[in-house]
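Protein chains in written order, with the numbering used here: chain A, 304 to 499; chain B, 7 to 224.
Among the hints, a few may not be true.
Cβ-to-Cβ under 10 angstroms is the rule here; a few derived chain B residues that face chain A [claimed, not checked]: (1) P17; (2) G54; (3) V81; (4) F87; (5) I88; (6) S93; (7) V105; (8) R157; (9) G174; (10) V182; (11) F224.
What the hints contain is simulated information worked out from the structure, not anything from laboratory work. C-beta: ideal position from N, C-alpha, C; glycine also.
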Amino acid sequence: MRAIDQGIARCMACGSLTDRPGEPCAYCGGPTALRKRNSLQRVWAFWLAGVIAYIPGNLYPIMVTESLAGTSASTIMGGVISLIHHHSYSVAFVVFFASVLVPVTKFAIIAWLALTIQFDWPADEHRRVEAHEVIEFIGRWSMIDVFVVAALAALIQVGGLMTISPGIGINAFALSVMFTMLSAMSFDSRRIWDTR
Amino acid sequence: MGDVRSVGSVPAHLRALNARWVACGTCDALLQRPSLREGQQARCTHCGSPLFARKRSHAERTLALMIASLVVYAVAVMYPFIRMERSGISNQISVIDSVSVLWRNGMHLLALASALLILLFPLMRILLLCGLAFAVYLKQEAGLAFARVARLAQALEPWSMVDIFMLGIIVSLVKVGKMVDIELGAAFWGMTALVLFLTMGASAACRDSTWQYLRDRF
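Pulled out of the complex, with its shape left as it was, chain A reads as follows (with noise of 0.2 angstroms):
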């Protein structure tokens, strides 16, 4: 027996249940509703803002790198390069996964687990809830190379010998994180169990 069934809401920050569906949590003051109140809507305009904001966030320069030997700029997969041709495979691998890995199977994910919900695909209901797991657990992770950006700016600065500089693709990117961050909120693991 589901609680909507019985006209029963759960707040969505305490928990507790209400049969009040939409007036705001007897408890905690907190917002109820039967299901997220436009939820694959929201999903879905999060996660576009989260796809074309990735586009300049991996085309532009996300670090600007002036030495003696001239000025370099660097996008996220020619940092990734660099650190392979440094030696360094575990940092690479690490940044690799964070900030292209990570984003681009989470924009899959989300697409397939709302496109599941929208023209009820058949696909196992315990699967679906673990991968929106995942991506509510991993997707903050890709802000990483946000702060690496920030911090080898910050520390390298000497003078004439070398400079690093944020370059504007970060500003994407960041955006990209945070909108697909927002966009896995938004999606109610209740509707996967609906169609039963």
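On the provided structure of chain A, position chain B as indicated by the hints.
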């Protein structure tokens, strides 16, 4: 009516509803509320997701870890983080420098966002969790203020990114470690301890017990 209500205004039928029933946050199954002892966790019989938990002495442990976090937070923010040297030129940075460099390069919004994610949100979360744990530990009254603090602390959780910042620092050290000489400052160890205490604090704190504490005051 918005947020406005007086303590004790929860209708009797809602109190009865919540005393007997619980809904799974993952699949919306309506289940009879099991009574748990400390240290136990209930799972949904329909989808298998965690339903709620009663963590052992959550208030005491959270309080201890948050006070420890507050101390190392001060160290992490106030002291120099890293010192680097190359060809006789040295430069040392603090956490605040890594935010202000973004500002100085014209990325005002990103600087602001970073200041929130690695400085303000973690601090707010530490203070809010401290307050909640203190109230539960001292068996204080819990009303609207308690609920607001608990909701805010919960909402801040994914946006408090000290752990990610720390990993970012380590990655950037590896990136420049071969070019310049690096010396780790007090704030580096302060930040390491902060990440450790915050992670332990997150697993010691018990949301469900905290909300149950609130419900029990009505």
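Verification of the hints:
With its C-beta approaching chain A no nearer than about 7 angstroms, B:P17 sits inside the 10 angstroms limit, and its interface hint holds. Restraint check, B:G54 versus chain A: the minimum CB separation of about 7 angstroms is within 10 angstroms; hint holds. The restraint placing B:V81 at the interface with chain A is violated, with a minimum CB-CB distance near 18 angstroms, outside the 10 angstroms limit. Because the beta carbon of B:F87 sits about 8 angstroms from the nearest beta carbon in chain A, less than 10 angstroms, this interface hint is met.
Checking B:I88 against chain A by beta carbon gives a least distance of about 6 angstroms; that is within 10 angstroms, so the hint holds. Below 10 angstroms, beta-carbon pairs count as interface contacts, and B:S93 has one with chain A at about 6 angstroms; its hint therefore holds. Below 10 angstroms, beta-carbon pairs count as interface contacts, and B:V105 has one with chain A at about 7 angstroms; its hint therefore holds. Restraint check, B:R157 versus chain A: the minimum CB separation of about 5 angstroms is within 10 angstroms; hint holds.
Against a cut-off of 10 angstroms between C-beta atoms, the interface hint on B:G174 holds, since the closest Cβ of chain A lies about 3 angstroms away. With a least beta-carbon distance of about 6 angstroms to chain A, the hint placing B:V182 at the interface is held under the 10 angstroms criterion. Interface hint at B:F224: satisfied, since its Cβ lies 7 angstroms from the closest Cβ of chain A, which is below the 10 angstroms cut-off.
In this structure, only the earlier hint numbered 3 is contradicted, and the remaining ones agree with it.
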